[in-house]
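Chains as they are written, first to last, in the numbering used here: chain A, 1 to 109; chain B, 1 to 117.
For the record, the hints were derived by calculation from the structure and aren't laboratory data. Fair warning: this is a prediction, and the values are worked out from it, not measured in the lab. Heads up, none of these hints are tricks.
Simulated pairs of lysine-lysine, DSS-like, Cα-Cα distance not exceeding 27 Å: (1) B:Lys57 x B:Lys11; (2) A:Lys79 x A:Lys45; (3) A:Lys108 x A:Lys45; (4) A:Lys42 x A:Lys79; (5) A:Lys42 x A:Lys2; (6) A:Lys45 x A:Lys2; (7) A:Lys2 x A:Lys96; (8) A:Lys45 x B:Lys57; (9) B:Lys15 x B:Lys57; (10) B:Lys57 x A:Lys2; (11) B:Lys57 x A:Lys96; (12) B:Lys17 x B:Lys57; (13) B:Lys11 x A:Lys42; (14) A:Lys42 x B:Lys57; (15) A:Lys42 x A:Lys96; (16) A:Lys79 x A:Lys108; (17) A:Lys42 x A:Lys108; (18) A:Lys45 x B:Lys11.
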Amino acid sequence: RKEVEQDPGPFNVPEGATVAFNCTYSNSASQSFFWYRQDCRKEPKLLMSVYSSGNEDGRFTAQLNRASQYISLLIRDSKLSDSATYLCASRTGGFKTIFGAGTRLFVKA
Amino acid sequence: GAGVSQSPSNKVTEKGKDVELRCDPISGHTALYWYRQSLGQGLEFLIYFQGNSAPDKSGLPSDRFSAERTGGSVSTLTIQRTQQEDSAVYLCASSHPLTSGGYNEQFFGPGTRLTVL
Chain A
1 RKEVEQDPGP FNVPEGATVA FNCTYSNSAS QSFFWYRQDC RKEPKLLMSV
51 YSSGNEDGRF TAQLNRASQY ISLLIRDSKL SDSATYLCAS RTGGFKTIFG
101 AGTRLFVKA
Chain B
1 GAGVSQSPSN KVTEKGKDVE LRCDPISGHT ALYWYRQSLG QGLEFLIYFQ
51 GNSAPDKSGL PSDRFSAERT GGSVSTLTIQ RTQQEDSAVY LCASSHPLTS
101 GGYNEQFFGP GTRLTVL
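Pulled out of the complex, with its shape left as it was, chain A reads as follows (with noise of 0.2 Å):
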């Protein structure tokens, strides 16, 4: 089983639709969670940090789970921009972070 796993996708959604993503940790060690967002062919970069009451920045939502060892990504009113990979990550104690696969995400008009 892999420590961070994800539904790999994809989605396919309409604009202006509300799209939720999950992922799953084995370790229960971890300590720090986070959502990247990865666009074709480029480097991922930081969506998210994922804090434990829940937090939120404009349509999106990241909700943390320890109890069930998963985290959440809510994307509210997707637009056409939002179409990439999004990948959860989990951080255990010292540096060491374990991506999952990503789900890919197709918004279309």
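For chain A, the structure is supplied; the task is to place chain B on it using the hints.
Okay, now just chain B, sitting in the frame of chain A:
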């Protein structure tokens, strides 16, 4: 420069040759990471450095892979006797341990696309 840079951007080599990939992290970033991303796959952790030391080398796929970092800055990932399965994009990232809120955002370079023929 302002961001993480990597060189070369593309490398085509023949099976059995050695290759060196270079990463220049953001100035002042003490942590440096190497990942590998195969086509359509996620990021595979290889190794990270804190300063010049590598506390965790567990991700290196085999003893053909090695990495070093000198002066707390530039890092080199070396692959000896390359194999076709080594073909991938090799990404480097750096982070500073004292970002606001204590969360360590990793800034990625553009990667080196390695093709082993």
